[in-house]
Structures are given as C-alpha cells and as structure tokens.
Amino acid sequence: MSESPSPLAELVKARVREFMREPGYVFWVFGFPVLLAVGLGIAFRERPPELPRVAVVTEADPARTSALFSAQGRVLTERLPRAQAERALARTKVDLLVDPGPDGLLLRFDPAQERSRLARVVVEDILQRGAGRRDVLAVREQTVSEVGSRYVDFLVPGLIGLNLMGSSMWGIGFNLVLARKRRLLRRYAVTPMHRAHFLLAYFFSRSIFLALELALLIGFGKLFFGTQIRGSVLDVVALGVVGAASFAAISLIVGSRLDNTEVANGWMNFVMLPMWILSGSFFSYERFPEWLRLPIRLLPLTAVNDALRAVYNDGASLLGVGFELGVLVAWGAVGFLVALKAFRWQ
Amino acid sequence: MKRYGDKVAVNGVDLDVETGECFGLLGPNGAGKTTTVEMLEGLYQPNAGSIELFGLAWGRGQDGEIRERFGVQLQETQLADKLTVAEVLKLFRSFYRRGRPVDELISLLALEEERNRYFSRLSGGQKQRVAVGCALVGDPELLFLDEPTTGLDPRARKSLWTIVERYREQGRSVLLTTHYMEEAAALCDRVAVMDQGKIIALGTPRALVDSLGMVQFVEFEVTRPLEEAPLSALPSVASVVSRGQHYRLRVDRSLAALSSVLDELARQDVQPIGLSTHQATLDDVFLHLTGRALEQRTEKA
Numbered sequence: 001m002s003e004s005p006s007p008l009a010e011l012v013k014a015r016v017r018e019f020m021r022e023p024g025y026v027f028w029v030f031g032f033p034v035l036l037a038v039g040l041g042i043a044f045r046e047r048p049p050e051l052p053r054v055a056v057v058t059e060a061d062p063a064r065t066s067a068l069f070s071a072q073g074r075v076l077t078e079r080l081p082r083a084q085a086e087r088a089l090a091r092t093k094v095d096l097l098v099d100p101g102p103d104g105l106l107l108r109f110d111p112a113q114e115r116s117r118l119a120r121v122v123v124e125d126i127l128q129r130g131a132g133r134r135d136v137l138a139v140r141e142q143t144v145s146e147v148g149s150r151y152v153d154f155l156v157p158g159l160i161g162l163n164l165m166g167s168s169m170w171g172i173g174f175n176l177v178l179a180r181k182r183r184l185l186r187r188y189a190v191t192p193m194h195r196a197h198f199l200l201a202y203f204f205s206r207s208i209f210l211a212l213e214l215a216l217l218i219g220f221g222k223l224f225f226g227t228q229i230r231g232s233v234l235d236v237v238a239l240g241v242v243g244a245a246s247f248a249a250i251s252l253i254v255g256s257r258l259d260n261t262e263v264a265n266g267w268m269n270f271v272m273l274p275m276w277i278l279s280g281s282f283f284s285y286e287r288f289p290e291w292l293r294l295p296i297r298l299l300p301l302t303a304v305n306d307a308l309r310a311v312y313n314d315g316a317s318l319l320g321v322g323f324e325l326g327v328l329v330a331w332g333a334v335g336f337l338v339a340l341k342a343f344r345w346q
Numbered sequence: 001m002k003r004y005g006d007k008v009a010v011n012g013v014d015l016d017v018e019t020g021e022c023f024g025l026l027g028p029n030g031a032g033k034t035t036t037v038e039m040l041e042g043l044y045q046p047n048a049g050s051i052e053l054f055g056l057a058w059g060r061g062q063d064g065e066i067r068e069r070f071g072v073q074l075q076e077t078q079l080a081d082k083l084t085v086a087e088v089l090k091l092f093r094s095f096y097r098r099g100r101p102v103d104e105l106i107s108l109l110a111l112e113e114e115r116n117r118y119f120s121r122l123s124g125g126q127k128q129r130v131a132v133g134c135a136l137v138g139d140p141e142l143l144f145l146d147e148p149t150t151g152l153d154p155r156a157r158k159s160l161w162t163i164v165e166r167y168r169e170q171g172r173s174v175l176l177t178t179h180y181m182e183e184a185a186a187l188c189d190r191v192a193v194m195d196q197g198k199i200i201a202l203g204t205p206r207a208l209v210d211s212l213g214m215v216q217f218v219e220f221e222v223t224r225p226l227e228e229a230p231l232s233a234l235p236s237v238a239s240v241v242s243r244g245q246h247y248r249l250r251v252d253r254s255l256a257a258l259s260s261v262l263d264e265l266a267r268q269d270v271q272p273i274g275l276s277t278h279q280a281t282l283d284d285v286f287l288h289l290t291g292r293a294l295e296q297r298t299e300k301a
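These protein sequence lines are chains A and B, in that order. In terms of this note's numbering, the first sequence opens at residue 1 and continues consecutively. In terms of this note's numbering, the second sequence opens at residue 1 and continues consecutively.
Bear in mind the hints are in silico, worked out from the structure with no lab data behind them. Bear in mind the structure is a predicted one, so any value in this text is a computation, not a measurement. One or more of the hints may lead you astray.
As the list claims (entries may be wrong) - Here are the simulated DSS-like pairs of lysine-lysine, each with C-alpha atoms no more than 25 Å apart in a straight line:
#1 A:Lys181 <-> B:Lys90
#2 B:Lys82 <-> A:Lys13
#3 B:Lys127 <-> B:Lys198
#4 A:Lys93 <-> A:Lys341
#5 A:Lys13 <-> A:Lys222
#6 B:Lys127 <-> A:Lys13
#7 B:Lys127 <-> B:Lys90
#8 B:Lys158 <-> A:Lys181
#9 B:Lys158 <-> B:Lys198
#10 B:Lys158 <-> A:Lys13
#11 A:Lys181 <-> B:Lys127
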C-alpha cells in the first residue's frame with residue numbers, strides 16, 4: 001500500500017511534461033510567434049522618408065543648378081540628356097525635371113503625383129537658397145514617432161490573439177483527438193479517475209502555458225519594439241484568460257469525437273484559417289466591405305484582437321470592451337455545452 | 001448480448017469468474033472476446049443481459065467503486081510517449097485510492113533499468129509490461145488482460161507470464177483473452193472457447209483436451225497420391241483429413257497406432273516426408289469444434 005498522489009496534480013504534471021519534452025510543440029507555441037513578431041516588425045518598421053528624385057537636363061546652366069547636387073540628404077539629383085530625362089519623368093523614375101527656362105529655370109512635374117508636388121517645393125527651396133535667398137524667420141524642427149500608433153503596436157496584440165487561438169486549438173482539441181486515436185482516453189475511462197479532474201488538468205496546464213505565452217509576447221514587444229500597455233496589464237491577462245477559455249471551448253468541439261488526426265487537422269484549419277485572414281491580426285479588417293464587418297466582429301479572434309488593442313493602445317478598461325467580452329463568453333458557453341453533449345471517450 | 005447495427009458481436013455468453021481463478025477466453029480474432037471483456041469493464045453497455053462485478057452492476061451509481069477494484073490492460077493502447085516508466089505508473093497510481101508503491105511495481109515488472117526511460121524508447125515487450133503495470137498499480141482484485149502477448153517474442157511472452165503468475169500468488173483473479181492456446185494452457189485454470197460471438201466449449205484446459213478422447217495426431221506429407229480408404233480402415237485411426245499432399249490423422253494414443261500407420265504407408269510404397277506426431281492441444285479442440293484452425297488466421301496480428 002502507498003500514499004496516493006493527487007490525481008489532478010499528476011495529470012497536470014503529465015500534460016506539462018509531455019508538452020515541454022516535445023520540441024515541436026515548444027517551437028510552435030513559443031518560438032514561432034516571436035519569430036513572426038521579429039519578421040513582421042522588421043518588414044513594417046518605420047522607414048526614413050524617401051527623398052525626392054530629380055533629373056537636371058544637361059543643357060541647364062550648371063552654375064544655377066549646382067545647389068541641387070550639394071544638397072545631400074534632401075534630394076537625389078542626377079544629370080541626364082533631355083530626351084532621357086523626359087522618359088524618366090514619364091515613367092515616374094524621377095519626380096521632377098529641371099530644364100532651362102526663358103528667364104531662369106523651368107520645373108516640370110505632374111501635379112497629380114503627391115511626391116512630385118513635394119519635390120517641387122523642396123527643389124525650389126534649395127535653388128532659391130543656392131541663389132542667395134535669406135530666410136527671415138528662424139524655424140527649427142523636431143520629428144515624432146508616437147508609441148501606440150505604429151504598425152508594431154497594432155501587430156503585437158494581434159499576435160497575442162493569434163497565439164491564444166493556436167495554442168488552445170492545438171493544445172486541447174488536437175491533443176484530445178490524438179489521445180483518442182492512441183486509445184489512451186478509453187484507458188483512462190476504465191480507471192476510477194474523475195472525469196472532472198481530466199478536464200481540469202487541461203484547464204490548469206493551459207493556464208500555465210497561457211501565463212508563459214503572455215509574458216513572452218508582452219515582454220518581447222516591450223523589449224524589442226518598445227510597445228507599451230496604456231491600460232492595465234491585469235486587464236490584458238484577464239482578456240487572455242477569457243480568450244483562451246473561449247478558444248478552448250471551440251477546440252473541445254473539434255476534439256469531442258474525432259479519432260483521426262488528419263481529419264482533425266483539416267477541421268482545425270477550417271476553423272482557424274478564416275480567422276487568420278478576417279480577424280485583423282496582421283491588417284485592419286476595416287479594409288473589408290462594410291456589410292462583412294459585423295460578422296467579422298462576431299468572430300472570437302476579432303473580439304480578442306480588438307479588445308487587446310483597445311487595452312494596449314487606447315488604454316481602455318474591461319468595461320470599454322464589453323461587446324468583445326460578450327462575444328467571447330458566448331462562444332465559450334455555447335462551445336462547452338456542445339462539447340459536453342458530443343464528447344466521447346472512445 | 002452486444003449488437004452493432006444488425007451484426008451481433010456477442011450472443012449468449014454466460015460465464016462466471018471465480019475468486020482466485022485465471023479464466024481464459026480463447027478464440028480467433030473476431031470471435032467476440034474483446035467485446036465481451038470490454039462490456040465487463042463497463043466500456044460498452046450490452047443490448048441485453050446483465051453483468052455483475054464483485055456483486056455490483058454498472059450504471060447504478062457505483063461505477064467508480066467498481067473501477068477501484070479491477071485493473072485493465074486494453075488492446076492497442078499507446079501510453080504517453082514522452083513520459084518515463086516511473087511517471088506513467090505514478091500517474092495511474094494517482095487515480096486509485098489504494099494501490100501498490102510505484103517502486104515495488106517497477107521491480108515486479110523487472111523494469112528497474114528502464115525506470116527513467118521514455119515510454120516511446122521501450123521495446124514492445126517492455127511497453128506491454130508497463131501496460132500490465134498500469135493495470136496492477138491499483139492493487140486490483142481482478143485483472144483484465146486483453147491479448148497481453150500478441151506480437152511479442154517468446155522471451156517477452158514468458159516474462160509477462162511470470163508477472164501474471166506472481167500477481168496470482170496473492171489469490172487474485174484474472175480474466176484473460178488470447179488466441180494462443182499455449183498461453184491459455186500455461187496460465188488458465190479454466191478456458192472458454194469462443195467462436196463467432198458464442199462460447200462453444202468451457203472447462204479446464206486438461207478436460208477440454210481430454211474431451212477429444214485419448215488421441216494424438218500424426219501429420220506428414222507425401223510426394224505421390226495415396227489411397228485413403230485403407231488408412232481410414234485401420235482400427236486405431238479415428239479420422240483422416242487431407243489437404244493437397246498434407247495428411248493429418250487422428251489416432252488413439254498408443255505406440256501400436258503409429259506403427260500400423262507406418263506399415264500401411266510402407267505397403268503402399270509411399271515415403272512420408274516431415275512425419276510428426278503430437279498430443280492433442282487446445283488448438284485441436286478448436287479445430288475439432290469448428291473445423292477451422294485457431295491460429296492460422298491470426299498469426300499476422
């Protein structure tokens with residue numbers, strides 16, 4: 001005879017060990033989102049503004065246009081024969097063309113192009129100063145890039161949302177299908193193990209990983225991109241818990257009966273792919289037509305993303321994201337009820 | 001009785017396993033052995049009939065109580081790959097109120113060296129010992145083993161038998177299914193032979209074999225045709241079955257029987273190839289009852 005260990009603790013330990021010992025799982029849950037954040041963060045980082053490109057025809061008076069060639073950092077200037085310069089302008093390879101005019105210089109450009117209008121202002125300023133104009137008012141400038149309105153500030157909450165969905169779906173739904181396929185579920189079913197312990201073990205192990213995932217993504221965003229949570233960190237955690245529970249319920253439906261991992265794979269993608277595209281993790285769903293937006297807002301991933309962004313970037317409280325919380329709770333409740341009805345141990 | 005659609009898997013199976021007994025369900029794949037034990041284990045509800053374990057019935061609010069008292073090794077269960085032997089056993093130990101210490105169990109299973117090895121890294125025989133260990137960890141009064149040695153080599157099979165025998169030394173009961181008659185003969189006090197969902201014979205292995213009479217079997221092959229009638233006419237020969245050039249004769253258990261068969265072959269000037277004789281086994285009982293060999297269809301399993 002021996003002292004009985006706690007079944008709940010043992011089940012949770014088993015789930016955590018199985019996860020941590022499978023490098024593939026660890027990568028997809030922890031490594032992949034960070035890589036995604038790095039990749040997208042770099043691709044969409046704030047770039048220095050592009051300089052106006054200017055062509056000076058060779059026939060123009062070098063004395064009058066030399067200022068353009070010494071104004072590095074404000075324009076990109078090249079000297080071209082007229083025919084070639086005109087072709088470059090027509091193909092928008094240059095934004096503006098400098099030609100000798102009747103009593104000075106002729107600036108040729110397409111006013112429909114914003115960059116060309118900008119080039120015109122910059123080029124004239126350089127030329128006038130080069131010709132000896134003196135400014136009468138002293139003006140200084142200061143550049144601003146505000147945290148909270150950059151692409152990474154949009155991206156990081158979206159990645160947290162994606163991760164909540166992915167790890168709940170794979171970690172619970174797919175794991176159940178795998179256990180059923182391996183006939184492990186029916187093996188448990190012939191022991192006196194309490195059914196509630198089994199499901200609670202999923203809940204607790206999921207919570208442990210959720211804490212790690214949130215800490216990782218929030219910390220990573222802060223360290224590498226300087227993203228800041230304007231609202232409360234606790235609200236982000238609360239949204240994480242509600243979101244994870246909601247996705248867990250949906251994944252339970254997928255995992256309630258299937259015993260074939262390939263079929264389960266298909267269902268997982270069927271559930272997740274539309275949300276990857278529609279729910280605004282990478283770009284705003286405002287780009288979809290008006291009539292699609294309400295259905296999109298009713299998707300659980302959209303709700304998580306919108307709520308997280310509101311807390312992250314607008315400093316909203318949980319009360320401010322009531323609609324999104326409602327969507328998540330509804331999905332969670334309906335999901336659990338359906339899964340309970342449908343669940344099979346074998 | 002258990003029905004799947006309109007296919008009846010098990011019908012009219014009526015059996016009692018006594019305390020301290022090892023009871024064997026013997027039969028080919030598809031005979032209904034697994035369905036029978038899985039109904040007993042509470043995994044399926046019978047469509048008709050009743051099941052009692054320790055005087056308790058399923059579905060009356062005592063299911064948990066019943067499950068505390070038996071241990072199960074199911075067919076084809078794959079335990080968690082990335083848990084060690086000790087972790088798997090401790091996990092299953094936690095499900096039971098009472099049970100055996102994990103260390104004691106590991107030495108009973110002779111898995112001391114594999115204690116901290118992942119389940120996925122074990123050999124087939126070692127995996128099966130862990131599966132039986134999970135069945136023993138709750139110190140059960142009744143042990144269900146569903147084809148415990150299918151697919152194992154003879155050494156792994158013997159080491160599993162040793163574990164079962166040591167469990168039985170404590171006066172506990174076993175219900176075992178197998179399609180190896182050798183296994184049934186080695187472990188079981190009583191055997192029920194199943195075929196097509198029915199029990200076709202029940203008794204001790206000895207009694208079942210003896211029911212064939214005091215017989216032995218003579219088998220041989222020939223290179224040219226043989227006249228069967230004079231063989232059948234021999235007083236010591238009970239029956240002659242031929243399949244192509246293969247002959248199988250049921251003869252009475254005496255030296256004279258064998259020599260009379262050999263004399264007749266010599267008279268016909270036939271040279272027997274691969275001549276062998278053996279005592280009747282449970283396999284012959286099955287062959288006698290159904291006209292089909294027991295292991296022939298199942299060897300690949």
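Hints versus structure:
1. Using a Cα cut-off of 25 Å, the hinted pair lysine 181 of chain A and lysine 90 of chain B holds, with the two alpha carbons roughly 23 Å apart.
2. With a C-alpha separation of about 12 Å, the suggested pairing of lysine 82 of chain B with lysine 13 of chain A holds against the 25 Å cut-off.
3. As the CA atoms of lysine 127 of chain B and lysine 198 of chain B are separated by approximately 32 Å, the hinted pair breaks the 25 Å bound.
4. Under the criterion of a C-alpha separation no larger than 25 Å, the hint pairing lysine 93 of chain A with lysine 341 of chain A is inconsistent with the structure, at around 65 Å.
5. For a cut-off of 25 Å, the pair hint linking lysine 13 of chain A to lysine 222 of chain A is broken: about 31 Å separates their Cα positions.
6. Distance check on the hinted pair: lysine 127 of chain B and lysine 13 of chain A sit about 21 Å apart at the alpha-carbon level, within 25 Å; holds.
7. Using a Cα cut-off of 25 Å, the hinted pair lysine 127 of chain B and lysine 90 of chain B holds, with the two alpha carbons roughly 15 Å apart.
8. A C-alpha spacing of about 29 Å is found between lysine 158 of chain B and lysine 181 of chain A, which places the hinted pair above 25 Å, so the restraint is violated.
9. Between the alpha carbons of lysine 158 of chain B and lysine 198 of chain B the distance comes to roughly 29 Å, so the proposed pair goes past 25 Å and is violated.
10. At roughly 34 Å between alpha-carbon atoms, lysine 158 of chain B and lysine 13 of chain A are farther apart than 25 Å, so this suggested pair is violated.
11. Taking the CA atoms of lysine 181 of chain A and lysine 127 of chain B, the gap is near 18 Å; set against the 25 Å cutoff, the hint holds.
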